[in-house]
Each structure stands twice: as C-alpha cells, then as structure tokens.
Amino acid sequence: MNDALYQEHILDHYQSPRNFGALDNATHIGAAMNPLCGDDLVMHAIVRDGVVEKIHFSGNGCAISIAAASLLTERLGGTPKKAIKKMTSEDMLALLKIPLSPVRMKCGFLALEAAKKLSLKAS
Amino acid sequence: MKSMDAKKDFTIFENQKGLVYLDSAASSLTPRVVVDKMREYYDTYRASESRGLYSIAERATAEYAATRKSVAEFLHAKSADEIVFTRNATEAINVVAAGLADNISQGGNVVVTRMEHHANFIPWQQLAKKTGTDFRVIDFYENGELVLAGDDASQESGVLVGSAAAVVDKNTQVLAITAASNVFGTTPPLKEIIAMAREANPGIVIIVDAAQAAPHRKIDVQELDCDFLAFSAHKMLGPTGVGVLWGKASRLETLPPLIVGGGMIEDVTLAATTFTDPPQRFEAGTPNIAGVIAFKEAIKYLQKVGLDTAYKHSQTLAGMAREQLTKIFGDEIQILGAADQKSAIVSFTLRGIHAHDVAAILAERNIAIRAGHHCAQPLHDKLGLTGSARASFSLYNTEKDVTALVDGLAHVKKTLGKKS
Numbered sequence: 001m002n003d004a005l006y007q008e009h010i011l012d013h014y015q016s017p018r019n020f021g022a023l024d025n026a027t028h029i030g031a032a033m034n035p036l037c038g039d040d041l042v043m044h045a046i047v048r049d050g051v052v053e054k055i056h057f058s059g060n061g062c063a064i065s066i067a068a069a070s071l072l073t074e075r076l077g078g079t080p081k082k083a084i085k086k087m088t089s090e091d092m093l094a095l096l097k098i099p100l101s102p103v104r105m106k107c108g109f110l111a112l113e114a115a116k117k118l119s120l121k122a123s
Numbered sequence: 001m002k003s004m005d006a007k008k009d010f011t012i013f014e015n016q017k018g019l020v021y022l023d024s025a026a027s028s029l030t031p032r033v034v035v036d037k038m039r040e041y042y043d044t045y046r047a048s049e050s051r052g053l054y055s056i057a058e059r060a061t062a063e064y065a066a067t068r069k070s071v072a073e074f075l076h077a078k079s080a081d082e083i084v085f086t087r088n089a090t091e092a093i094n095v096v097a098a099g100l101a102d103n104i105s106q107g108g109n110v111v112v113t114r115m116e117h118h119a120n121f122i123p124w125q126q127l128a129k130k131t132g133t134d135f136r137v138i139d140f141y142e143n144g145e146l147v148l149a150g151d152d153a154s155q156e157s158g159v160l161v162g163s164a165a166a167v168v169d170k171n172t173q174v175l176a177i178t179a180a181s182n183v184f185g186t187t188p189p190l191k192e193i194i195a196m197a198r199e200a201n202p203g204i205v206i207i208v209d210a211a212q213a214a215p216h217r218k219i220d221v222q223e224l225d226c227d228f229l230a231f232s233a234h235k236m237l238g239p240t241g242v243g244v245l246w247g248k249a250s251r252l253e254t255l256p257p258l259i260v261g262g263g264m265i266e267d268v269t270l271a272a273t274t275f276t277d278p279p280q281r282f283e284a285g286t287p288n289i290a291g292v293i294a295f296k297e298a299i300k301y302l303q304k305v306g307l308d309t310a311y312k313h314s315q316t317l318a319g320m321a322r323e324q325l326t327k328i329f330g331d332e333i334q335i336l337g338a339a340d341q342k343s344a345i346v347s348f349t350l351r352g353i354h355a356h357d358v359a360a361i362l363a364e365r366n367i368a369i370r371a372g373h374h375c376a377q378p379l380h381d382k383l384g385l386t387g388s389a390r391a392s393f394s395l396y397n398t399e400k401d402v403t404a405l406v407d408g409l410a411h412v413k414k415t416l417g418k419k420s
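For the protein sequence lines, the chains are B and V, in the order given. Using the working numbering, the letters of the first sequence map in sequence onto residues 1 to 123. Using the working numbering, the letters of the second sequence map in sequence onto residues 1 to 420.
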C-alpha cells in the first residue's frame, strides 16, 4: 500500500529522530503548539556569533511534526539565525518532500514556527 | 445478526466505491429519500414558508409544518409548538443560554458535566462568567460513568468539580447534561439525575444535549421531565443546517429570543417591538426550508428501519470492533470508556502512535474515522490525553467495515509502531 504521506524518509525521521532531546547549554529556545491536536515542539539552539551551531528539539507530536522537526534541525545546523526568519513554508515543503493536505500543514510547519520563535533564554 | 443492507439507500456509496464511513458520530450520511425531498422542494415548490399566499408557498408552509409535527411525535412532545428549528444543536443550546441570562441570579450556580461536548459546555461556562455565578462540573470515572453520589468535590482552576450530589444544590439554576457522550458513548441515568436536581431546586432549568442519543434511542421528553432538549438533524440521516430545540411550553413562553428580525414579531413601531409566541419567536429570518422539509423523510426512514433494530446493528458492529481490537492490540490499545459498554462509538488511543497519524493512514485506505479531542477537551484533559481516535457505527455499516478498520489499524501499527 503506497502511503503518500508516510514515505520511507518520513518514517525514518519519525522512528529515529535526529537531534532529539533538550540541550542543557542552549542559548536560545523557541516553542510552538497546535491546540487542535496537542502537538507541541520546543527548539533548543546554541547560537554563537549569529550562527546556529547546534539545534535540537523536544516535545510530542504526530509523525509528520516529529519528522519535520528532525529534518529541520538537520538542515539548520550551521545556518545564520537571521536566515531562519526568512524561511518559508515552501522551504519546509521542499524539506519534507511529501504532499501536505491543508489539515496536516500545521503539523508540517510546527517545527519551523518554533524555530522562528528562537529567542535568548533567560538565564 | 439480521442482515441490514442499507448502503443501497445511500447514493454516496455509488460515487465513493469502497468508502468505509466510520464517522457518523460527527455527521451521518444522507439517504436518497432525504436528498430527493430537498430536490423536490427546490424543483417544484420553491417558495418561502409562512409568508406567501400563492399555492407553492402554501405547500412549502404545509411541508415545513408537517416536519414540526413529525419531530414533536418523534420526541413524544405535548405539542408541535414546543419544537423550534435552529441551524444545529449548538445553536439551540446557545439560544437557551442567551435567553436565560437575565434570569440567572448572582449567588447561584450553573452545572454541567466534565464530559460534555463543547456545545453544551462553553455556553454555560460563558453564561456563568457573564452573570457572575459559579460554574460547577460533575466529574466522571475512567469508565465514562458520571460520579453521582458522595460528598467529593474540589476546586480546579476556580471551578468546583465533584459528584452530582455535591455540586448540585438548592442554588443550582441550570443543569446542562448530555444524553449520550460523543467520546465514551455512555448514557447517564437522566431520569435519576433530573429527579435529584429537581429535589435540590424545584425551579431548576434542565437542558439535555441529545445530539448523540436521538439517532439511536427513543426520546420521550415528557417522561424525561427536562425543560429543554437539543439535537441535530445531520447526525440522524437528516440534512445539514437543521437543528431542533424542544422546550416545555411554560419555559419557551418566558424565554426571550436571541436572533431577532422578520417572521417573529407581533408589532413593530418606531420605538418598540413585541415578539410573537413560540416557536416562531425563535425562528427569525428565512430558515433552511429545504432542510427542515426533508428532515421528516430522515425520521420516516429511521422509523421504517426501526430505531431499535438500527441501534442493535450499530452496537453489534461496535462490539465486534472492540473485541477484535483488544485481541490484536492487547495492552497497546486503550479503549475509552467501560470495557463492557454497549454504544456504537469506539474511541481509543494506540500506545506511542498519534491519533492524527492513525486517521491519516486509515484515510489512505478510504476509511473515515475522527481524530482529535472531538470537541471534548475537558474530557481528554482529565484522561491525560491531547486527543484520541474515534470510530462510530451506523445502520449502513457492515461487518466488512469492521474488518477494514481492524486490518487498517494493524497496518498503522506496522507502519508507525516504534521499532524498539
């Protein structure tokens, strides 16, 4: 059975999410949640000289949101923090490489939403 | 199990081959006879009701009135004048809440249950806020039954939550309660609860949300002795856009309307307006004429199949689903509500698998279930869940549908079950 959404790479990132788990020495933190289904993701990042040195994520969510977070954190390592603000849903769709229905879009974009909200952690 | 071959009465199955529709608790499918009746109105006597004097208007008026009578009989109401047509059950409940606002005295309280659908939860919560009265909640056990007896009650976020005996008292002005939970499927013992509430406060207003009950079980509003009752046509094979508010004549008499405008006045002058009697008082503007007219065909269809027969059929299928799922998934599946419950609703969670993923993968196999909080967030919060998956059965479902669901869920487990 051909699952349009649950393709190999999505299942892979869902089963073995990259960069999963909070970062103790994170300098920045950003969170987003989907009240409709209870998905909630937190991005933890170490930012030095305006560049995202390391980025992890924690939280709960459906397979799509977890896979998206995993893919996104893989992509964002080494990226200037300013560039995250310029990222669009098209960029996210290009990462995901799956057809997202309007209902699942919030799931696919939740990680990016959290990343965009990355701000200095109050120490 | 007597064979029920209802799919042939629903044109959608000709257009959606292999559709396994298991979301009737959200909205039921519509039989051909209902759609035909709507079309007949639009194509042969398309006119306003209660307004024109020409022949097609007379026919529209008569057909509309006939549905009112049909619904009154369906509910065993005293009179068709106790039947108000609204857009849906949600609007019906809102009409009552808004109408009661001026008569809620400070120092009183309004009570709902923790398992109410938001439509019968939020209006009362907001009414309490607006009138400065206490909002209280009757709790439920994990098996989906309400906590009726005992003194247990505690504060949760400024809301008193506890047993019915503890939260309903002589100052309770309104009790809003469901006739059947849209998540658990459980049916509270309404007569017992209503009697207890009236003993606590003889003047109490009791409103029943019968949206999930009306499609399946006989409702007798006189026997129930509630003051208001709401349900929707679209959950019982009727058209969308039609709901019913039943009210005891004495209660409707003193209820001010929420929506005002045409068709519900006695006299309008520059300075003042007098409203007409119920039920028209609550039907301002042009209603969903086609929908109301066709609704009686849905009632007729249900009665021809037999409400009890149809429900037994749905219950049996739900029971099969519960049994097979428990056998296959063991403790990896949590079925919400009592294990031995008899409803046509199967709400569940699969360990480690998000409800949305369950629904999405089933959707790829043409199986329609619902995932989320089902407009019952307080219920899910109490269970420590953000959501669940829900399959619900109706008279057009078959054993094949149960098999499809079970096989589909096995596939979900294979696809998304954590390897560790």
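None of these hints come from the bench; they were simulated from the model. It should be emphasised that the depicted structure is a prediction, and the values quoted were computed from it without experimental measurement. Just so you know, not all the hints are guaranteed correct.
Chain B side only, calculated, beta carbon under 10 angstroms to chain V, not exhaustive [to be verified]:
no.	residue
1	Leu5
2	His9
3	Leu36
4	Ala63
5	Ile64
Every residue gets a Cβ at the ideal spot worked out from N, C-alpha and C, and that includes glycine.
query: Where does the structure disagree with the numbered hints, that is, which hint numbers, in rising order?
result: 2
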